[in-house]
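Asker: Spelled out from the first residue to the last, the chains are:
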Amino acid sequence: MVKEIERYGIPIVHMATITTISESVGANRIVPTVAIPHPVGNPQLNADDEHALRKALVKKALDGLATEISQPTHFE
Amino acid sequence: MSDKYKVLYYVNQFFGQVGGEDKAGMAPEYRGEKIGPALGFEGLLNKNGEVVGTIICGDNYFNENKEKALDFILGTIKDIAPDVFVAGPAFNAGRYGVACGEISKAVAEKLNIPVVTGMYMENPGLDICKEVAYVVRTSDSAGGMRKALPIMAQIADKLAKGIEVGPPEEEGYIPRGMRKTIFVEKRGSQRAVEMLLARLKGQPFTTEMPMPVFDIVEPAPAIKDLSKATIALCTSGGIVPEGNPDHIQSASAQKWGKYDIAGRDALNAPDFYTTHGGYDPVYANEIPDRVAPLDILREFEKEGYIGKVYDFFYTTTGTGTSVSKAKEFGTQIGAELKAAGVDGVILTST
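In order, the protein sequence lines correspond to chains A and B.
When the first sequence is numbered by the numbering used here, its final residue is 433 and no position is left out of the sequence of numbers.
When the second sequence is numbered by the numbering used here, its final residue is 517 and no position is left out of the sequence of numbers.
I should point out that these hints are in silico values taken from the structure, not numbers from a laboratory.
Each hint should be verified, as a subset may be incorrect.
Okay, derived cross-link-like pairs now, BS3-like style, lysine-lysine, Cα gap no bigger than 27 Å in a straight line [unchecked claim]:
(1) A/Lys360 to B/Lys173
(2) B/Lys173 to A/Lys416
(3) A/Lys360 to B/Lys190
(4) B/Lys494 to A/Lys360
(5) A/Lys412 to B/Lys475
(6) B/Lys505 to A/Lys360
(7) B/Lys328 to B/Lys173
(8) A/Lys416 to B/Lys347
(9) B/Lys328 to B/Lys353
(10) B/Lys475 to B/Lys391
(11) B/Lys425 to A/Lys412
(12) B/Lys505 to A/Lys416
(13) A/Lys412 to B/Lys325
(14) B/Lys475 to B/Lys505
(15) B/Lys314 to A/Lys417
(16) A/Lys412 to B/Lys422
(17) B/Lys475 to A/Lys417
(18) B/Lys328 to A/Lys416
(19) B/Lys469 to B/Lys494
Keep in mind the model is a prediction, meaning the values are calculated, not measured.
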């Protein structure tokens, strides 16, 4: 899905935990996430810490979209 | 007993009979017995070999703690020193396939022990290990177990005995990209001319050198100014509105959904939940934004960090979904996003 959407020339960032799969499906912008059942969250943290973590992850994704790249890149 | 060769087996929590998604977080364990497919596998070795034990690891644990899991697994294999290592088969299970692929690669490369595993052609774990392991071509679901195990056992038997394994099409494994020197009756020029003639006559022929197929999509240009950009949110994590109005499948999705989120601050429970059948849904059902973070995107929108969150959210289920379907979904969703003038996309996967 990532690859076919990007084929239209729209930058897309894949937020996923198993980044080897992201790479094998042809994602170019990749943000490694927390865990498979809660990629953008961590139920073990308290509400404030979880919010800070989630905000930081989404910011990485947005900043990744605004970054020129020439090959598959992880934004960590 | 002692004249039998030793086989060591790897399975995930499900085939290791520990449990389903709720046990996917289990750390690797070694059991000195035959569990799950290992049991049937030994029977197929015609009493020449023995499965001495089974390593079991949760799919989530492996993929989230790869280094730690590999350390334990490689250490165990080194101690036991099997003649052949067998993993799976993983069919079309992505996390299990990646685990089998990574372990197979490490065992073959670091321990120099021959490896046999089994996967469906589209499994993302295939590319990780197909050059160093024998990966038997399986069906996409565990229904293919009976067919896959005898083929895997036959290759394992040859590897353990040091008998040369034949070409992929004869032995049933996926081509490893190796070329071998063989003796044939006709010389190369003659074979080439015969192929050319067959081709000109429209007759079938088999190339001796298949060309690899590359399909790379170059990275799209970056967004120049985030504060003016419209960002769309997509997920393969199965987040759907309450009641799953479009009946998106919980696995092997045949369709995607598009939902109006204009005016919504979050994808909160109970208005939204996950229909995905491939991961433990507890955390996503509690806070669906943990999978598709609309709430955070809204915060960035309010702060002016991005221009706007696109009014529709796109969703499907990634587990067991074929690559051809995923391509179709991407093509359809991409066309809509392009037409709507969306500047960038966040796609989350579980």
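Asker: Evaluate each hint against the coordinates.
Answerer: Do the hints match the structure? See the list:
1. A/Lys360 to B/Lys173: 43 Å, violated
2. B/Lys173 to A/Lys416: Since the Cα atoms of B/Lys173 and A/Lys416 sit roughly 51 Å apart, the hinted pair is violated (cutoff 27 Å).
3. A/Lys360 to B/Lys190: The given pair, whose Cα atoms are some 32 Å apart, is violated under the 27 Å limit.
4. B/Lys494 to A/Lys360: It holds: about 8 Å lies between the C-alpha atoms, which stays within 27 Å.
5. A/Lys412 to B/Lys475: This hinted pair holds, its Cα atoms lying about 16 Å apart.
6. B/Lys505 to A/Lys360: Answer holds: B/Lys505 to A/Lys360 is near 14 Å, not above 27 Å.
7. B/Lys328 to B/Lys173: 11 Å, holds
8. A/Lys416 to B/Lys347: With Cα atoms ~51 Å apart, A/Lys416 and B/Lys347 exceed 27 Å; violated.
9. B/Lys328 to B/Lys353: 32 Å, violated
10. B/Lys475 to B/Lys391: 15 Å, holds
11. B/Lys425 to A/Lys412: 24 Å, holds
12. B/Lys505 to A/Lys416: 23 Å, holds
13. A/Lys412 to B/Lys325: 54 Å, violated
14. B/Lys475 to B/Lys505: 15 Å, holds
15. B/Lys314 to A/Lys417: 46 Å, violated
16. A/Lys412 to B/Lys422: Between A/Lys412 and B/Lys422 the Cα gap is close to 30 Å, so the pair fails against 27 Å, i.e. violated.
17. B/Lys475 to A/Lys417: Within the cut-off at roughly 17 Å; holds.
18. B/Lys328 to A/Lys416: It is violated: about 55 Å lies between the C-alpha atoms, which goes past 27 Å.
19. B/Lys469 to B/Lys494: Not satisfied, since the Cα-Cα distance of roughly 34 Å exceeds 27 Å.
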